[in-house]
Every structure is written in structure tokens, then in C-alpha cells.
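Asks: The chain contents come next:
Number of protein chains: 4
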Amino acid sequence: MDLGLNESFAPMLAEVRRMVQDEIASLDAEYFAEVDIGDRWSLTPRQSEILESLKSRAREKGLWNLWYTGAGGPGLSTVDYAYFAEEMGQAHLAPETFNCNAPDTGNMEVFHKYGSEAMKTAWLTPLMAGEIRSAYLMTEPDVASSDATNIALSCTRDGGDYVLNGEKWWATGAGDPRCAVYIVMVRTGGDDVPKHQRHSMIVVPTDAPGIEKLRAMEVYGDDEAPHGHMHIRFTDVRVPAENMLLGEGRGFEIAQGRLGPGRIHHCMRAIGMAERALRLMCERSLQREAFGKPLAQLGGNFDYIADARMQIEQARLLCLKAAWMMDQGDARAAAPWISQIKVEAPRIALEITDQAVQMFGAMGISQDTPLARQWAHLRTLRLADGPDAVHRRQVARAELRKYTNAPA
Amino acid sequence: MDLGLNESFAPMLAEVRRMVQDEIASLDAEYFAEVDIGDRWSLTPRQSEILESLKSRAREKGLWNLWYTGAGGPGLSTVDYAYFAEEMGQAHLAPETFNCNAPDTGNMEVFHKYGSEAMKTAWLTPLMAGEIRSAYLMTEPDVASSDATNIALSCTRDGGDYVLNGEKWWATGAGDPRCAVYIVMVRTGGDDVPKHQRHSMIVVPTDAPGIEKLRAMEVYGDDEAPHGHMHIRFTDVRVPAENMLLGEGRGFEIAQGRLGPGRIHHCMRAIGMAERALRLMCERSLQREAFGKPLAQLGGNFDYIADARMQIEQARLLCLKAAWMMDQGDARAAAPWISQIKVEAPRIALEITDQAVQMFGAMGISQDTPLARQWAHLRTLRLADGPDAVHRRQVARAELRKYTNAPA
Amino acid sequence: MDLGLNESFAPMLAEVRRMVQDEIASLDAEYFAEVDIGDRWSLTPRQSEILESLKSRAREKGLWNLWYTGAGGPGLSTVDYAYFAEEMGQAHLAPETFNCNAPDTGNMEVFHKYGSEAMKTAWLTPLMAGEIRSAYLMTEPDVASSDATNIALSCTRDGGDYVLNGEKWWATGAGDPRCAVYIVMVRTGGDDVPKHQRHSMIVVPTDAPGIEKLRAMEVYGDDEAPHGHMHIRFTDVRVPAENMLLGEGRGFEIAQGRLGPGRIHHCMRAIGMAERALRLMCERSLQREAFGKPLAQLGGNFDYIADARMQIEQARLLCLKAAWMMDQGDARAAAPWISQIKVEAPRIALEITDQAVQMFGAMGISQDTPLARQWAHLRTLRLADGPDAVHRRQVARAELRKYTNAPA
Amino acid sequence: MDLGLNESFAPMLAEVRRMVQDEIASLDAEYFAEVDIGDRWSLTPRQSEILESLKSRAREKGLWNLWYTGAGGPGLSTVDYAYFAEEMGQAHLAPETFNCNAPDTGNMEVFHKYGSEAMKTAWLTPLMAGEIRSAYLMTEPDVASSDATNIALSCTRDGGDYVLNGEKWWATGAGDPRCAVYIVMVRTGGDDVPKHQRHSMIVVPTDAPGIEKLRAMEVYGDDEAPHGHMHIRFTDVRVPAENMLLGEGRGFEIAQGRLGPGRIHHCMRAIGMAERALRLMCERSLQREAFGKPLAQLGGNFDYIADARMQIEQARLLCLKAAWMMDQGDARAAAPWISQIKVEAPRIALEITDQAVQMFGAMGISQDTPLARQWAHLRTLRLADGPDAVHRRQVARAELRKYTNAPA
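These protein sequences, in sequence, are chains A, B, C and D.
So that you can map any letter, position 180 of the first sequence is 180 in our numbering, and since no number is skipped, the others follow by simple counting.
So that you can map any letter, position 94 of the second sequence is 94 in our numbering, and since no number is skipped, the others follow by simple counting.
So that you can map any letter, position 135 of the third sequence is 135 in our numbering, and since no number is skipped, the others follow by simple counting.
So that you can map any letter, position 165 of the fourth sequence is 165 in our numbering, and since no number is skipped, the others follow by simple counting.
Derived from the structure by calculation, the hints contain no laboratory data.
The structure presented is a predicted model; accordingly, all values stated were derived computationally and were not measured.
The beta-carbon is built from N, C-alpha and C at its ideal position, and this holds for glycine as well.
Accuracy of the hints is not assured; some may be wrong.
Here are the simulated BS3-like pairs of lysine-lysine, each with C-alpha atoms no more than 30 Å apart in a straight line [to be verified]:
no. : chain 1 : residue 1 : chain 2 : residue 2
1   : D       : K402      : C       : K293
2   : A       : K213      : A       : K113
3   : B       : K293      : C       : K195
4   : B       : K55       : B       : K213
5   : A       : K120      : A       : K213
6   : A       : K195      : B       : K293
7   : C       : K402      : C       : K195
8   : A       : K195      : D       : K293
9   : B       : K213      : B       : K120
10  : A       : K293      : D       : K195
11  : A       : K293      : D       : K402
12  : A       : K402      : D       : K293
13  : B       : K293      : C       : K402
14  : C       : K120      : C       : K55
15  : C       : K120      : C       : K213
16  : C       : K195      : D       : K293
17  : A       : K195      : A       : K113
18  : B       : K402      : C       : K293
19  : D       : K293      : B       : K293
Cβ-Cβ distance ranges computed for the label pairs, FRET-style [unchecked claim]:
no. : chain 1 : residue 1 : chain 2 : residue 2 : range
20  : A       : G62       : D       : N6        : 31 to 39 Å
21  : B       : A129      : D       : K402      : 54 to 62 Å
22  : D       : G292      : A       : Y403      : 14 to 22 Å
23  : C       : E212      : D       : Q297      : 35 to 43 Å
24  : D       : K402      : A       : E7        : 19 to 27 Å
25  : C       : E212      : D       : N6        : 53 to 61 Å
26  : A       : T121      : D       : K402      : 44 to 52 Å
27  : C       : G62       : D       : G292      : 44 to 52 Å
28  : C       : V193      : A       : G247      : 52 to 60 Å
29  : B       : A129      : A       : K293      : 44 to 52 Å
30  : D       : I37       : A       : K402      : 36 to 44 Å
Isolated chain A (complex conformation) (with noise of 0.2 Å):
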């Protein structure tokens, strides 16, 4: 169980570390004032330039679609791409700088893994060329979805097409202008059809008429333009019966397929970001002083220092085993520890996050530091790709198998 980065990698994890930390994250900053200028939802000319020159770099040095484990690609296996993930959870654009930002992560594996020729061509290629982005709406409002049983989005056969009607939100990377393509979770299945067959996923490009966005959702205030969370409405939206994923009924088949690296992403990332606040927190400690001593020394200050490191450990490790279970090629297998990452990487993460928050007062809740921002990010991990509860609960059941035939 070798949890260690292939050496061969080593020189090109520190070129991402490097970039992240020279080049990208006081690049941060600037993206985030453009976005007040003008339209939100547009990209400004800085603001293209930015990503773009950032984008062309990393693909001049070979740090281009990093995630992708598949043949054609960098050659990384899952283990190695965690050592990366977490570089580029310490600044916001690095994802997109190296192309591997969520959702479009995801929906390019989804293209890989079960797109047909015609797929492939019209969308996988400009996303691994980091030329369109796209979105993945599953979550509905009128719905529970932590139980994706529910999802109602309405998708019927009509001659050789599919007609869509119903509302999606949280579609994230819907209110970027150049989000060019959705995977829709649909159901094409009545009541009569078992409960994991009635659901499907089809391809629908975002210029189709009848798709109005709503408004942007909101994370504690923030619309996060121009990538938004977008509540959409589909009426009466018609897309040819060949973008159909798979085929009817194969939605939860293609779910799964798509979350369990999406979801083991995430949390890499957030190891990232928890260490980026464990570090800033340590700083502060040993700048700042009151009572005429550094925060370092006082209180439980060094308390709060070596539980974070401690809980960081433990949580890198555990998401390393995890994404070396993945490895291993048996997904069924590698699920309980999917879950189990899902809910440890989020939890501790803003656990040390809200405390490097306290470290700096109120500086911490502001703008001049990435903790408030990162915090908010990191509070829709507990509930984005399946809720905490969920998570548990088929932690908790795998566990009860052990012990039982029957279901527990």
C-alpha cells in the first residue's frame, strides 16, 4: 500500500506548488475586483487575460489536465494526483489554470467514459483543450435530493427527440459566458420502472431554446460570478434522442461513475485549504502579540496548532487511502472510503479554518484574508455530491455488513 508520490513526479509537483504559490495566488485577488466591474457575469478583458495566460503556461510546462488517469494522459495514478490537488486547493484559480476545476473534471470523465463519437468530438475535446466550460445539474429545488431517487426533472420522447421541462439549481459553472454544454440528470421512467432505472443523463447545450437562468444561488452571500451556482428553468427544451447518455434508465449508473473521483477531488483540494490556514495561523501566531507576548504563547493557542496538524495528517492519509483504494480498479470496493473522505476532508478543513479565522480577529472574517472565502467554499462540500448524512449512513451500513447477510 504505497501511498507515496512516484518519484518521477516529484519535479513537476514542485513546479505546481511553485506556480501556486509565486504565480497564481496573487493573481487571486485581482480576478476577484474585476468581477465588480461591469456585468457580473461576463469575463473582463483582465479577467481573461488572467486565465488565459495563466492556462497557457501550464500547458507550455506539461501541467495540463492533471487529473485525467487515462491513457493519453500525464500518466498520474490517483495517489499522485492527490499530492497535486492539494497544491492547487491553496489558490482559487489554480484548478482552472491547470484544467482541472470541478464540475468540468467530472463531466469530461463522464465524456470519456461513456460519450459517443459525436460526444466526444463536439464537447470532450474543446474542455481538455480548456476552450469551453460546462455544468452538471442534478440537484432540483422541490426535491430532497441527498436521496437522488427523488429527481424529477421531467425528460419524455418526443419522434427522435427529448423534451425537458422542470428546474434545476445549484448548476455549478452555469453563469460562466463561455459554459457551453450541461450533463442533466432527467427522469425518463415511470413509477412502474424500479427505482435505479427510472432515472437518465443527457447532454443538452446551453444555447437550446427554452432554458432560462433564473438567478444566481448565493453561498453566504456570495453569487460567486461569474462561475455561479445557477437556478435554471427547462420548458419544453428539445435535444436530439442521440444525446442521450448510454441510454434511458442509466442515469445512476453514470452518477457514480462520475462522483467518486469528483467527490475524492474535493477533498484533496480541501486538504490544501486546510493546510493553507493551518499555515496562515501560524504565522499570525508568531506576528501578532497581546499581553505582551505572540498569540503563539498564550491560551490554548498551541493547542489548536497541533490538533490542526494532527487532524490534517490523519485526514491526508486517510484521503491517500482512498484514492488508492480507486486505484486499485474495484469501485465498488473503494466506495465506504469515498464516504468516509467526503465527510473527514470538509469537517476539518473549516474546523481549522474558522479557527485561523479566531487567530486573526476580525481580519478573519473579512476580505483580506482568503479564510472567510475558503471557509464558505468549504461549507458547501458538507452537503455538494451528497450531504454529510448520507455519506455516514453508507459508512455505517458497510460496516453492519460485516456483521449480517441481510441488509442492515
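Dock chains B, C and D against chain A, hints included.
Replies: Chains B, C and D in isolation, oriented as in the chain A frame:
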């Protein structure tokens, strides 16, 4: 130790509750929507209309300046007021409706206790009438203000004037166009003066030349316009010597007198927010279904609800006890109790609010419930008026003093 | 809502505190040392002497049956008694000294409320006089007694007698040679009888033929001789029909009436134990030095002390509120409050005791402080009279009932 | 970073697991029952027979001194040994069965690394053969031994001898009649000697005149006879000068060399105990019913099970990482990792054990499961070989050193 509401105020409390729930809460969303119209730092006509009509109605009903426990006020004890403040915590606009909002209440308290007749005429009277707003400038960006002896904004005598130079931030309410006056903590004494006599409080009209609002501090991305938490620079700001409160070197004395009630009012409202979060959590858990059951019956949700109820009851009782201690008239004896509730009320309210967010799923972090905004506000309370660490330190020292005469 | 002590009892309380601290606490160690002499399940002459002399002194001072809120008692309300019970929690022998020890108080309550005149003469009078001891037999080894409808000890009518067969365990106090009577929860009704009417309470003299004490249950290795928590087998144990309390099928009614006061008394004492732990922790932290400083000034110790103080104050107030609810006379309304404190008091007392253990280092887990024994005793309270899970369930259901008429 | 077991040891591990579960665990209860027969501080014939027959079988199978990573041992790395130690944690008699029990392993380590040839012949050979037992005397009643520079037992040169005077306590294993030798930390240097060179380690045969076993320290009421944690007085105890290990003033050097492996072995076993607790918890939750359902499906029990699994996985990985660091050969670099797991392994094992106790109800605190005993043992680990606070301090200091050259 009667911690109940004086019976005679029961009808008044019922009317406040009714107004908050039926008239005020529903206007919060409209008020916030107006912030995005035109200049964020002015009030739109509709915003003014909302506020002034609510205030008129409150004043007509005699529900005005309820916080004021002095002569000529409505006659509530601090214990009584706790019950009212808790209700006001349940809608954003409620405290101002009843002229009970921070930081004005604390500033009025200062003018009442320490102000000259001229100050009372100029500032206290219009504040009590709800005609102007005020701010309290304590925290500074360059020093650890948790140890208030670090405060450094320079204030030097020049003939009949004082001249102020330096920066303050987190001047809550200073963004409001109606804000007419600041009470400012300044440093007047040199290193030769005893540590707790180096500081003073001085009154500064907001239109004094040399005052520059640099920016609004953001709270988890929200600038909280038009109220705002402003970062302000003073450059040779000149005020007459009689604007000094009590006299040079008495800043800490005034701060203590001001902060006690202010802290406990925040806590009382925080308990109201915790109640709101629990109510929303319960309603959601009964209405929403997953896996064929209402959420209430899934996993540990009963435990979360039970723990929330137990935490609220205990924190409320502690808050009432601290209020009762204040009503006994011995501020020194009451101080550790205020520190206790200052730690506990935000802690439990944050935890319960976060749990409610989780029960709502992605909706919980969005603009569709008051929970995300409430969480961000509550988070500031772990820092405002002294961070947790300072209050815990006070409580521990008070405890250890029981066993030793030497300073702990 | 007066949660204070009735002033007139202040001198009495002071005397109880003095006796506990000055006279009783110091005898605990001697009493325990005597347990190892001869038969663990008898009292040595010195043990009897210690107990009887303490009891005499208490009775002489009128400090007797303080728990008894009924007519002819000392006249304390439940709120008043909370202050006394807290003091008694601070020495092992204190509750019995004042004839306020479990399970006798609960059993006396049962005889008072539900006993026939014959029972009162036979059992209540000597119990009130401290001449005999009693036990309460509820829990059974073979069923989950947390759901008391599972209780199964068979009790069948045979002419003028009832005949009992089955096993009980955790019969607290049944090891004591002075224990003369059991109150036993039995099953009298078949499956055709409604669930909460199948059980009854019956009075059984401890010398009835067919009673066998199988063994003493150990609490973290301690058999708690000579008091003991006994595992008892009933084989054709025969008692006259008039020993049935109230009548067949009324077992739950009696259990409710008995358990309310019993639960809250445990909690009141637990708060006293928490205070003792905090006191020991503070003293230790001031006396012991490491790394050149008293422990109090190292690491997070200030925080532990502050948190302990804050937890105790809140739990005490909750306990007083629950007591006050009982004093209002509506047992049904008081029930969720008792569940709340039943969860919270042991929880905080355990946590503070454990923290105190840690402050003492290895000495803390040993026989050289009362902390280890106290911890083990407190740990039983998370199970006795209903485990945490059952009480949390009660609190959650009471909360949800506010929002629905349907059963939650 | 390979954290897996070396494949070649897989059959050996399987055999250890089988022996522990099938042969050893079932003898624990019988062994403990024998303690109450006759003198608690001798071994009954049956106790000797149990131990010696288990040891013979282990030795025959080559499952002997598995801990010994040096030349001539079975060849396990520290990482490999972790897997074995975890299995041994699941039965009380298992570590001794395989001659892998504390404190003998640590003492053998000392003789191996620092002992003279004479010492090796006299003590190491019979210890490696399992013929004698040993104790390690560090902690003292009168000083805070968490700061080991406080250690004060006097050891002065007198001709060819050293003479020892003072007291030690918590001498684990010193109650065993087979215990033949002590390794004792003593103070040899005066205040003029640098702080970390004042102490020495010396070898003392247990039959030296002047040694007095004052009493057994109890762990939550258990004297742990016949192994015991003894309180020992030295009065003019005289040993030849060549019994000094390495030379005067090198006590800390030896302590460091000894404690690293010892600490991690405890942690490995603690993880085994956590696994045992989780297994018992799961089995109970499936077998026991209340309110018409197996406990597993009630309240938050799924969450407790899931959290336990997640905590165990993370702690195990951290333990393996610390072991791997030790295997890299840089003790200084490994030290903070050992401190980390020294805090985390007992913490999670205690929490899970306590949760399992709660799942069992009153049975959980009794002698009818191994949980209560296991909890008490685990509780000692938060103090033994350095309390949590000292290890957290080490971790925090290591962290802060990354940001500063000045000592934190």
C-alpha cells in the same frame, strides 16, 4: 433570584413578538433587495419608508427605547429586557424598529452616564428619538485590539482642541448616511502613564474635516451596506476639548461601563437567533422527506434537535442570570457572568444555526433562508467586544482568584 | 421564576455544607478502607459506627429527610432541595447521613404516594427513620430495559398470593445487609393487554424464600460493596396479593411518579460532584509546577477551567429550572425538563471530572483523589433511569410536537 | 511510503490473529478470576499454566519477540509490527504470550542498545526468553513528572557503589513475583549541571536490600494484580557502579531511545482495542432490540458507527506513518509523529470504547464485557509516557519551527 419576566410586561412582550413575526420579519427581504439599488451607502426611499413606518408604529405603542433601564425609560429591568431582546433577534430590522439597535444603545448609554449637558442636547436627544445614528470606534487594524491597551490612535491637545490621527476599522454603523457622531477610543497618555490610564474617549462629529471612509470591511463577503463596518482614517481631525468624555485617561472606565450592557444585549439577541434556527430546523425536518421518511426520523436528527433545545435552555438561563447580576448593581461582580455568556451564547447559536443549515441542504447556505446571513452575523460576535479567548481568560482568572490572593 | 434558595433555609444549607466538608468527607476514605475487612457484604462495627453517628448528628440538627417535600417534612421546595443535594454530592457518605440517599428516597416516595397503610407501617416508617434500607428492581439482563415495555419478570396470581419468577440485575443497594424490602417492576399482563398496562409494581420482603443474590455487578471493576448493584434470581417467590401497589397494570404510572424526583436528585448531586472536580482542578493547577510555572499557566488550562465554570453554571440553572417546573405541580409539563437535565448534568460532570483527572496526572486515576471513583459513579448515570438516547428522544419529540399534531 | 504489511508476513499475522481470537481471548476471564484466589500478588498454579502454555505454543510457532526489529529477530519492520500489535491489543494475555508486553519490550530495547555485556547476560537473555519480568521506574509522587527534569530520586556515588534514596510510583509490572530487575531514572547531577544532564539510568535487581513496595496504585479502583503499578520506596539501596547505564548524566538520552518504540507500541494496541470496541458495538446493535427495532436503526447509532470507523482508519494510518518514519532511521524526525499518534490513538480508542459501553447499557460498565477494563487501561495511556499536554506541545513547537528560527 427571579429570572422570570415581570408579569406586568407580558402584554408588551406579546405585542413585540407579534410585530416581529407578523410585521417586521417579512420586510427584511424587501429591505435587503433595495440595497442593490443605486448607491449601496444611501437609503432608498423605500428603505427609509420601511424603517420610519416601523419606528412610528413602535413609538406609538410605547415600544421604544426598551433597553433603557434608567429613569424616564419604560421601566424594564435587565432581566425583563432579555425577553424582549430575544424576540428582536428574530428579524433583521427589529432592533432598529424599537430603537434598540447596536451600537446606538451602547453609545446612548455612554452619553447618559458620562456625557455633558451639551453632549446630551446635541447627540443623546436625537439618538433617543431615533433621528440620527452613531458609531463606536475602538478596534484598529495595526494592533491586537483584543488587548485594548494596545490601542494607538493619537489624540493630542492643541490649544482648545484635540487633534486625532490614525486609523480605526470595524466601525459598525458608520456606513449609514444617518450616522452623525462617533465615540472614539484614543490614546492620550505616553508610556510614562500607567497602562490603564493612557486612553480616553472622545466625541467626534462625522462631518469633521479629515475623516476619510477608506472602505467597508466585509463579513464573509458581505459589506452589510448601508449599515457597514467601516475602515476610517483620521488625518488631523480637530474637535473642541470639551468633546472629551469625563477627562483624559478615563477611556477604560467608560469602555467598561459601555461594554457590559452591549455585550449582554448581543447575547440576548443571539439566543433569539438560536430559537429561530431551531424552529426552522424542526419545520424543515417535518416537511421534507428522503428515503421515504420525514427527515426528522432519519439518522441522528432527533439528537440534533434535542441537543439544540438543551443548549438553548441553558444559555438562556445563563444570560438571564448575567442580567440579574447586572440588576444587582455590582458591575464588578457581574463581569465574569457577562464574560461567560459572551462566550456561550454565540457558540451555541452558531452551532444550532449551522445544524439548521445542514438540515436544509444547499438551500440552507443560500439567500432563501435567513440562516446563512444569521450565521455570518453570529460569527462576528465571537470577536466583537472581546474575542472568546479574552473572555475565557477572565472567567478562569475569576475562578482561580477564589483559591489565592496572588494574581493568577 | 424564582430559582434562588428560600432565604429562611440559608442557615440550614450552611450547616449541611459545613458538615459535608468538615465532618463527612474526611470519613469517606476510612469507610472505604473498612470494606476490605472481613465479608465485603456486611458492615464492620466501625462502618456502622461511622454511619450511625453521622446520622444521629444530622437528625439532632433537624437535617433529616430533606428531600421530602410533602406535608410533615422540613418544608423545602424542589428548588430549595437542589441546593442541599448539590452539597451532599460532595462526599460519598453525605446522602445517607441526611437520609437522602438513592434508591431509598425514591422508594419512600412510592410508599408515600401509592402505599397502603399496612405498607407505610411496615416499610415507610422505618425507612423514614433510617432504620432499614430498600432497593428498586427494574432492569433485567435479558431485555433492553431502556424500553421498559420489554420488562418480563413473571408475576402470576395464585390464590391469595402472587408468584414471581425471573431475574433482575443492577438492584442498587440490595447488597446492603440492612436492605429489608424490594419494590419490583413485574409483568402481569399478557400480549392482549395494552402495552403500557401489562406491568405492575409489587413489594417483596428481602427474606422471602426463593430469592437468590447471584452476584454483584461491577462498575469499572468496583463491586461497590457493601451497597452493591446485585444480580438477583426469583424462583417461585411468593408474596400476599396485598403487596401489589395500586393494582395490576399500574406499574408505569408508579414508575413515572417515582422516577421524576429520583432523576433530578441524581442530577443535583452530579452538579455538586462537578463543583468538587473543578475545585480540585483549580487547587492542583495552582500548586503543581512544570516547566517552571504553575500548571494553571500552561497550555489550554485556563480554557479548561473557564469551560468547566461555564458548563456548571448552565447545568445548575437548568437543574433549578427543572426543579421549579416540578414545583409547579404539572408532572407532564415538567417531564421534558427532567429529560434535559438527566442528559446534561452527567455529561458535564463527567467531562469536568475527566479533565480534573488529567490535571492530576497519574494520581488522578488512582485512589489518592476521589476523582476516579466519582467518574465511575457518574458514568452509571448516563444509563441509570433511562439512557441518554431515550431522554434525547423525549426532548426531541416534545420539541416537534410544537409543530404538529401528528405524533413525531 | 509503503504502509502495507510485507506480504511475506501475512501468514504469520493470520496465525497471530487466530491465536488471539480463538485461544487467548477466551482465557482472559479465567485468568482474572484466579487473581482473587489467595495472595493477589502471586501467580496461582493455573495462572502460571495458562501463561506458560500460551508462551510455549507461540515460541514453537516462531511467534516470539515480534517487536524486536534488530538483527537476529524475526525481521519485522516497525510498520509490519504495527499490524501484529494491533491484533495483540485484542486480548489481555496476548502481548505476554508473544513476549511483546510492556514494559519488558522497552527494557529489552534499553539493554540491547545501551547495556554492557554483563547486563545482557544477566537480564537481557532471560527477558528475551520470557523467563523473568522487569519494570521501569520513572514517575515520582512528589514532582510533576510530565516535566522529567523534575525527577529527584537521589543516587550518589559511594566508593564502588551507588546509593539510591527516594520514592517511585506507577512502577508497572513491579507487582509481578517474576519481576527481577528495575531500570530506574535517578538524579545524579546537582543544580550546577545542565538541566538535561542531571539524570541517569541505573539497573537495580528487585531483591536489593532497602527496596520496599509500599502499595499498589489503583486504576479506577483496580489494583491490576498481579502485574500492578507499584509505589516503591528506596532506602539506602546499594548497587555496584557498573550498573549505571552508559554513564552518569545520560538518562535523557536513554529515555528518548526507550520511549519512542514504547509509545508507538501502546498506540498500535490501542487501535486494536478500538477495533474490538467497534466490533462489539456493531454486534450489539444488530442483536439487541428496543422500540421494535434493532438498536442499529435507532437514533444516531448509524452515525456513531460511521464516526468510529472513520476515526479508526485515520488513527491507524497515522500510526503506520509514525512507524514508517521510525523505520527511516531518523529518530529526531520521527519524534513529532510519535507525539501525534500518542495523543490520537488513546483519544479515539477511549471515545469508541465509551460509545460501545453506552450501546451495551448497564452491561457495558460491568464485568460482562471487556469494555470497562479496556477503557480504564486506555485512560492510563493519556498520562503514561507523557500526558497529552506535553505531546501536543511538542507537535505545536515542531509546527512553529517551520516558520521561525527562534525557539517557539
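Asks: All the hints need checking, so say for each whether the structure fits it.
Replies: Hint-by-hint comparison with the structure:
no.	hint	result
1	D:K402 / C:K293	26 Å, holds
2	A:K213 / A:K113	29 Å, holds
3	B:K293 / C:K195	25 Å, holds
4	B:K55 / B:K213	28 Å, holds
5	A:K120 / A:K213	26 Å, holds
6	A:K195 / B:K293	16 Å, holds
7	C:K402 / C:K195	26 Å, holds
8	A:K195 / D:K293	25 Å, holds
9	B:K213 / B:K120	26 Å, holds
10	A:K293 / D:K195	25 Å, holds
11	A:K293 / D:K402	19 Å, holds
12	A:K402 / D:K293	19 Å, holds
13	B:K293 / C:K402	19 Å, holds
14	C:K120 / C:K55	22 Å, holds
15	C:K120 / C:K213	26 Å, holds
16	C:K195 / D:K293	16 Å, holds
17	A:K195 / A:K113	24 Å, holds
18	B:K402 / C:K293	19 Å, holds
19	D:K293 / B:K293	16 Å, holds
20	A:G62 / D:N6: 31 to 39 Å	36 Å, holds
21	B:A129 / D:K402: 54 to 62 Å	57 Å, holds
22	D:G292 / A:Y403: 14 to 22 Å	20 Å, holds
23	C:E212 / D:Q297: 35 to 43 Å	36 Å, holds
24	D:K402 / A:E7: 19 to 27 Å	23 Å, holds
25	C:E212 / D:N6: 53 to 61 Å	56 Å, holds
26	A:T121 / D:K402: 44 to 52 Å	49 Å, holds
27	C:G62 / D:G292: 44 to 52 Å	50 Å, holds
28	C:V193 / A:G247: 52 to 60 Å	58 Å, holds
29	B:A129 / A:K293: 44 to 52 Å	47 Å, holds
30	D:I37 / A:K402: 36 to 44 Å	39 Å, holds
In this structure, every one of the numbered hints holds.
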